[in-house]
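Going down the list, the sequences are from chains H and G.
If you want this note's numbering, it's the 1-based position in the first sequence plus 74.
If you want this note's numbering, it's the 1-based position in the second sequence plus 1.
No lab work stands behind these hints, which were simulated from the structure alone.
Where is the CB? At the ideal position from N, CA and C, for every residue including glycine.
Keep in mind that the hints are not guaranteed to be accurate.
[Stated by the list, open to error] In silico contact screen, one side only, chain G against chain H (beta carbon under 7 Å); selected entries:
1) Ala89
2) Tyr422
3) Met442
[Stated by the list, open to error] Straight-line Cα separation of at most 27 Å, DSS-like style, residue types lysine-lysine; simulated pairs:
4) H/Lys299 x H/Lys196
5) G/Lys194 x H/Lys299
6) G/Lys90 x G/Lys106
7) G/Lys265 x H/Lys304
8) G/Lys455 x H/Lys257
9) G/Lys106 x G/Lys24
10) G/Lys24 x G/Lys194
11) G/Lys106 x G/Lys189
12) G/Lys406 x H/Lys136
13) G/Lys161 x H/Lys257
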Amino acid sequence: MKPKATLFIQCIVDSVFPKVGQSMVRVLDRLGVSMNYPSDQTCCGQPAFNSGYRGEARGAAKRFIEIFEDAETIVCPSGSCVSMVRNHYSDLFENDHRWLERARHVAGKTFEFSEFLVDILKVENVGASFEKRVTYHDSCHLMRGIGVSRQPRTLIANVNGVDFVEMHDADRCCGFGGAFSFKYPDISTAMLEDKVRNIEASGAGVVVGCDMGCLMNIQGMLNRKNANIKTMHIAELLDHETQS
Amino acid sequence: MKPNPEQYTATARTAVADPVLQKALAGLQDRFGRGTALAYQQLPEGPDLRHVAHDIRMDAIQHLDSLLDELAGNFRKNGGQVYFAQDAKDAVAYCLKVAQENNVKRVVKGKSMVTEEIRLNDALDDAGIEALETDLGEYIIQLANEGPSHLIAPAVHKSKEDVGRLFTEKLGIDYTDDPPSLTRVARKALREKFLAADMGLSGCNLACAETGHITTVSNEGNIRMASTLPRIHMVFMGMERIAARLQDLDILLRLLCRGAAAQKLGTYVSHISGPASPDNLDGPEQLHLVILDNGRSKMLADPDFREMLCCIRCAACLNVCPVYGKIGGHSYGFAYSGPVGAVVTPLLIGINRAADLCQGETLCGACQNACPVNIDIPRMLLLLRAKLADGDEKWQVSRRSSLEKAAYQFWARIMQNRRTYDLAVDAAQLLQRFLPTNRGMLRFLPPPFNGWTKSRDMQPLAAETFAQWWKANQKGDAHGKR
Chain H
75 MKPKATLFIQ CIVDSVFPKV GQSMVRVLDR LGVSMNYPSD QTCCGQPAFN
125 SGYRGEARGA AKRFIEIFED AETIVCPSGS CVSMVRNHYS DLFENDHRWL
175 ERARHVAGKT FEFSEFLVDI LKVENVGASF EKRVTYHDSC HLMRGIGVSR
225 QPRTLIANVN GVDFVEMHDA DRCCGFGGAF SFKYPDISTA MLEDKVRNIE
275 ASGAGVVVGC DMGCLMNIQG MLNRKNANIK TMHIAELLDH ETQS
Chain G
2 MKPNPEQYTA TARTAVADPV LQKALAGLQD RFGRGTALAY QQLPEGPDLR
52 HVAHDIRMDA IQHLDSLLDE LAGNFRKNGG QVYFAQDAKD AVAYCLKVAQ
102 ENNVKRVVKG KSMVTEEIRL NDALDDAGIE ALETDLGEYI IQLANEGPSH
152 LIAPAVHKSK EDVGRLFTEK LGIDYTDDPP SLTRVARKAL REKFLAADMG
202 LSGCNLACAE TGHITTVSNE GNIRMASTLP RIHMVFMGME RIAARLQDLD
252 ILLRLLCRGA AAQKLGTYVS HISGPASPDN LDGPEQLHLV ILDNGRSKML
302 ADPDFREMLC CIRCAACLNV CPVYGKIGGH SYGFAYSGPV GAVVTPLLIG
352 INRAADLCQG ETLCGACQNA CPVNIDIPRM LLLLRAKLAD GDEKWQVSRR
402 SSLEKAAYQF WARIMQNRRT YDLAVDAAQL LQRFLPTNRG MLRFLPPPFN
452 GWTKSRDMQP LAAETFAQWW KANQKGDAHG KR
């Protein structure tokens, strides 16, 4: 039987980085995954939740649950959004047993893209090629929130021709933090400068990650500095020059 | 030092631009952050002992009332005196009373963050009593008239050149920046003070209810001298710093030393159970234990924040926090800095006053992983933000920003419907055409997002959303199945 995935394309990929979603679709398609995309989805509620607006986040969460609860498996190209659904929906509904039950049900079948490939599909090599030196940034909610760090590394290391190097402090926060990035720009910038310095020191031409929030932050400074280093979501890397 | 968490953003801005501080903080985190993670791995019981310790701490906090009774009873049985202080004023008054009754003129102090919290030094100074810090780092910042910038390494913000200049000015020595020479100078000055002191003050790393004793840890031996040489020893402890049984204390002590300095055990660990007696000639004539509430009961009463009382103030979270690693301890504007400060300070001195402390963090979670008792600090930061977002009667919090509230209400309405979401994306696409670009990215964003473009460009919205692409490209049936 063909594996199934219901696509959860978070707002930032939908509106700013749709190519990431397209790459994910192509990679899953090649692996024989049958996909559907609920077209009325918007946002999981994380921006409001992280800023303390729980009532507003709860509205978005209920909507998300209603849209996705009948899915068999939900796959999302973001560790942060999956962490929201998996770890924090229960905070939103702690006083509402009926919704809590539904939230837990959805949380149990929501997976981040690289986690879905390695842990669910048991795929460690998708047959992609990429002849460049690549480093990897651990996003905080992906790594510490849902414990995913081995899976993306395995997938990257198995890309044909890739020269995978670890940067110093790969698991240290890049300074994004959602609203933090523009509410506390001086602190955020100082943190990001460290991250960019470590990326540059790795000698990589491409920094790969699993969360567009962090990558947008890193890319923003690389571009401002006119640096010759690109950011790439892991779906884009795995979609690169795939051998048939 | 007066609390000033309101200055968080301004102090942080100065800190990130200070190369000496940046170097010191990076060195501290490189050494201790990594060392502590390794030390947990090497625990005989394995790193999961942190979870055991969390349960031990939570259990003690849930039974705090009876454990404190037990501690006080046993401490008195051992010949010590116990005072329960309601707040800072009460604790300070007790200390001054004992000092005055015993004609105390000179006090030596071991490092104690609780006495920083209640600003005891200022009070002793006002009463004409000389209070001298004897931890080398605390001694340095006392000479410089500054507050601690780290729970364990209070003078981490000072370079050896800073200390050289400070000692030249305050102690009249010839300038040197050689750490052993500077330490010798401090040692000599402090020795004389130890021998002349009438009273020693110390903190308490842990107290044990079962035995009625307190435990202190230091790496300089100064606490041992402050607690044994003067005729009176007064211990200050936060009321949460208690282990029910000796076997609990053993586990917590081993984790504390690993969390604080990546050590298996601190160099000087003292278990102090009572004053000198006819059978036991060592120790001071009087031993006082001041157990401080000062807002902790309120934390205990709230199940949301009770977990914060598990904290044993080891500073492991400071040694990994990427925000602390940039802004240093003074930005937090209170005795407690770093992730622990970001939660404890708002709860102790006011959530509105210290709003920036809990909002100026990225929720990266490194603190929880480093915590020897696995406290879920991000969870509590999120709860504090919720109180600031909507106000809270119990904690007397007023809504921080009606404008921001309105913005998120607007956001919520947009997100409730795919059509309004698409309209919002369309509108933003139109507006972004008027913004300046750099190499294909936006170089300037309007307020409130302009903080982003101070140092970064922003990827513009795509011409086509993923949803539009999917609709145009789907090959499957009407339900979108491929």
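We went through each hint and held it up to the structure:
1. Restraint check, G/Ala89 versus chain H: the minimum CB separation of about 29 Å is more than 7 Å; hint violated.
2. For G/Tyr422, the suggested interface contact is upheld, since its CB lies about 5 Å from the closest CB of chain H, less than 7 Å.
3. Nearest Cβ of chain H to the Cβ of G/Met442: about 5 Å, under the 7 Å cut. The hint holds.
4. With a CA separation close to 40 Å, the supplied pair H/Lys299 and H/Lys196 exceeds the 27 Å bound.
5. In summary, the hint linking G/Lys194 to H/Lys299 is not supported, as the alpha carbons are separated by about 55 Å, beyond the 27 Å threshold.
6. Proximity of G/Lys90 to G/Lys106 is assessed by CA-CA distance (about 20 Å); at most 27 Å being required, the pair is judged to hold.
7. A C-alpha spacing of about 43 Å is found between G/Lys265 and H/Lys304, which places the hinted pair above 27 Å, so the restraint is violated.
8. For the given pair, G/Lys455 sits about 12 Å from H/Lys257 by alpha-carbon distance, which is consistent with the 27 Å threshold.
9. For the suggested pair G/Lys106 and G/Lys24, the alpha carbons sit about 40 Å apart, so the restraint of at most 27 Å is broken.
10. As the CA atoms of G/Lys24 and G/Lys194 are separated by approximately 33 Å, the hinted pair breaks the 27 Å bound.
11. A C-alpha spacing of about 20 Å is found between G/Lys106 and G/Lys189, which places the hinted pair at or below 27 Å, so the restraint holds.
12. Our distance criterion of 27 Å between C-alpha atoms is met by G/Lys406 and H/Lys136, whose separation comes to about 20 Å.
13. With a C-alpha separation of about 35 Å, the suggested pairing of G/Lys161 with H/Lys257 is violated against the 27 Å cut-off.
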